[in-house]
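*Asks:* Sequences listed follow chains A and B, in order. Its first residue numbered 1, the first sequence is counted upward by one per residue in the working numbering. Its first residue numbered 1, the second sequence is counted upward by one per residue in the working numbering.
In case anyone wonders, no lab produced these hints; they're calculated from the structure. Where a beta carbon is used, it is the ideal one built from N, C-alpha and C, also for glycine. It cannot be assumed that every hint is accurate.
[Stated by the list, open to error] Pair by pair, the computed Cβ-Cβ distance ranges are: (1) LEU88/B / GLU115/A: 30 to 38 Å; (2) LEU88/B / LEU42/A: 51 to 59 Å; (3) ILE97/A / THR115/B: 43 to 51 Å; (4) ILE155/A / GLY23/B: 24 to 32 Å; (5) LEU92/B / LYS81/A: 49 to 57 Å; (6) GLU78/A / TYR44/B: 54 to 62 Å; (7) PHE140/B / GLU78/A: 31 to 39 Å; (8) LYS72/B / LYS81/A: 28 to 36 Å; (9) THR115/B / LYS81/A: 34 to 42 Å; (10) ILE155/A / LEU88/B: 54 to 62 Å.
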Amino acid sequence: MSSYIQKILVACSLLFLQSCVTSLHRLVTYDKAAQEPRVTGLWQQEEKTIEIQPVKQSELANEFNQLWNGKDKKQLSEQDKKDSILYYEKSYVLSFIKSDVKYFMLVNFIPLNNELYADIYPLAMMNTDTSNKKEINEYDGEFGYTSSHTFAKLIFAGSNSIELRFLDGGFIAGQIGKGRVAIKNEKDELSGAILITASTEELQRFILKYGKDERLYDRKNSVILTRKA
Amino acid sequence: MTKQFFWLDNLWIRVLQHLFFWGLSFYIFLQFFKTGAKAERIDYLYTALFQFSLLPTVYLNLKWLLPGFANKRNWLAYTFFILILISLFSWLNFQFFERWSVKILPDYFFISYFTWRQVAGFFIVYVAISSLLKLSKSWFRVNELQRQLLQSEKQKIQNELKALKAQVNPHFFFNTLNSIYSMALDKDDRLPGTVLQLSDLMRYFLYESKEDFVALDKELRVLNDYIALQKIRSDEKLLMEEKMEGEVKNERIAPLLLITFLENAFKHGNRTGSKMAFIKLFIRVQQGQLDFQVENDKGIIDKVETKENSGVGLENVKRQLELLYPGRHQLIIHNLADRFVVHLQLKL
């Protein structure tokens with residue numbers, strides 16, 4: 001279990017370079033997922049250019065179409081139908097390039113307590129070096145990474161700026177260590193890394209109850225996205 | 001309460017029982033609520049708070065609702081109040097974990113793991129378990145009281161039977177001695193033999209009739225001795241018909257039951273004038289059932305017997321039948337103009 005958790009954490013830190021919460025379960029359910037047109041488009045974050053698009057319009061549209069929309073919907077199980085709605089109809093793909101590698105992440109939005117939250121889930125990495133254009137594969141493929149969910153509150157400053165205020169993994173891990181947070185988790189005793197294993201319903205309840213508690217957010221490492229002209 | 005059930009009323013044992021129940025409940029909840037591989041401080045706190053919210057419901061039900069309404073069969077009021085109680089405290093539990101703990105315990109982060117309905121489910125389970133435990137204790141208590149009551153009833157019956165037997169024996173001897181008295185007056189040669197037979201009967205009455213039940217064949221032998229005694233006494237003036245059928249081995253009967261009827265027949269038989277007295281005796285034992293019938297013609301009752309003592313033997317035997325063969329006997333007495341017929345059926 002410990003190496004499993006470590007791999008998840010490595011994937012998270014690769015993407016955000018910060019202490020983020022890693023969760024085994026997603027925060028968003030198909031019925032509560034929100035479509036959020038305000039987030040689509042090209043965004044600048046420090047030196048990175050980030051693109052957010054609905055799944056249907058993204059580079060991965062074909063793959064998603066095959067995975068979640070290509071099947072005969074009448075033959076889908078109830079759960080697959082729900083997943084199809086969530087992943088194909090209500091999901092967004094966030095992509096950016098860093099060190100010649102293009103990262104793709106699946107983003108879902110959910111309004112809780114009159115605030116908008118993002119559930120970010122790594123999807124794939126692709127080598128952008130034209131001389132060696134080879135798909136690196138999904139995170140849990142070649143590198144043995146298993147993807148995990150991480151959560152952020154979205155704060156809009158007009159239509160041209162979004163602050164992604166991530167749940168502070170360090171604070172929450174510290175509070176869990178002190179025995180002050182009752183949320184299901186698995187702890188790697190060797191590294192101290194913590195994977196939240198609470199169910200989606202419990203995660204939503206936790207956010208509903210403590211979503212406005214600023215202690216839970218890592219404000220110093222908030223990601224500010226500025227819309228590119 | 002007897003020593004066996006002392007734990008029902010001992011205060012310390014009851015306290016220990018409650019502590020054990022809540023301790024076990026706490027352990028199970030802790031395993032259920034713990035957030036990681038091992039229980040942390042928050043898990044103990046969460047479990048304690050969750051369990052604490054159950055206490056008012058459980059104890060108000062045990063101390064107020066069950067004795068106040070359920071015990072009095074007022075189910076409507078009980079259902080109403082228990083639903084109010086469960087709804088109220090499960091709502092408080094839910095609200096505390098879902099909302100109020102933010103302000104009451106700001107340094108701790110926890111949520112209600114359940115919906116209000118699910119919390120109410122826990123409350124219902126705890127009310128049911130604690131009520132059943134209470135009922136099981138009541139069952140032990142009732143059982144013990146029943147046992148004591150039965151014992152006391154049995155003792156009462158034994159005492160009553162002893163008293164009845166004590167009345168039967170003198171009654172029989174009283175009549176027999178009257179007969180011997182008559183024989184002595186007549187200077188009958190058979191008197192010594194008669195006295196000897198009486199002595200055998202006395203042995204039976206004094207020693208063996210103290211048992212609750214005796215072998216049926218022994219009781220029938222005594223009947224025969226008694227008949228022989230009475231035959232000698234009545235001389236040629238008695239027409240006696242006896243018929244016994246069936247297998248009596250291994251069957252048992254309460255002592256002195258049958259002889260009382262026979263004694264009655266002889267006592268009331270016609271012994272005066274030239275007319276022959278008759279007594280017909282029929283006994284059959286078949287498939288664990290005894291059919292006993294004795295029929296006699298009516299005569300003049302012993303003058304020695306006072307009016308107060310008249311019928312004492314029959315009343316005694318009726319009471320003995322009620323006590324020893326409840327629902328297992330049928331006694332029919334036909335008091336006709338010229339005859340007296342007693343028919344007794346007994347399930348042995």
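*Asks:* The structure should be examined with respect to each hint, and the outcome stated for every one.
*Replies:* How the hints compare with the structure:
{"no.": "1", "hint": "LEU88/B / GLU115/A: 30 to 38 Å", "result": "32 Å, holds"}
{"no.": "2", "hint": "LEU88/B / LEU42/A: 51 to 59 Å", "result": "56 Å, holds"}
{"no.": "3", "hint": "ILE97/A / THR115/B: 43 to 51 Å", "result": "45 Å, holds"}
{"no.": "4", "hint": "ILE155/A / GLY23/B: 24 to 32 Å", "result": "48 Å, violated"}
{"no.": "5", "hint": "LEU92/B / LYS81/A: 49 to 57 Å", "result": "39 Å, violated"}
{"no.": "6", "hint": "GLU78/A / TYR44/B: 54 to 62 Å", "result": "39 Å, violated"}
{"no.": "7", "hint": "PHE140/B / GLU78/A: 31 to 39 Å", "result": "51 Å, violated"}
{"no.": "8", "hint": "LYS72/B / LYS81/A: 28 to 36 Å", "result": "55 Å, violated"}
{"no.": "9", "hint": "THR115/B / LYS81/A: 34 to 42 Å", "result": "25 Å, violated"}
{"no.": "10", "hint": "ILE155/A / LEU88/B: 54 to 62 Å", "result": "40 Å, violated"}
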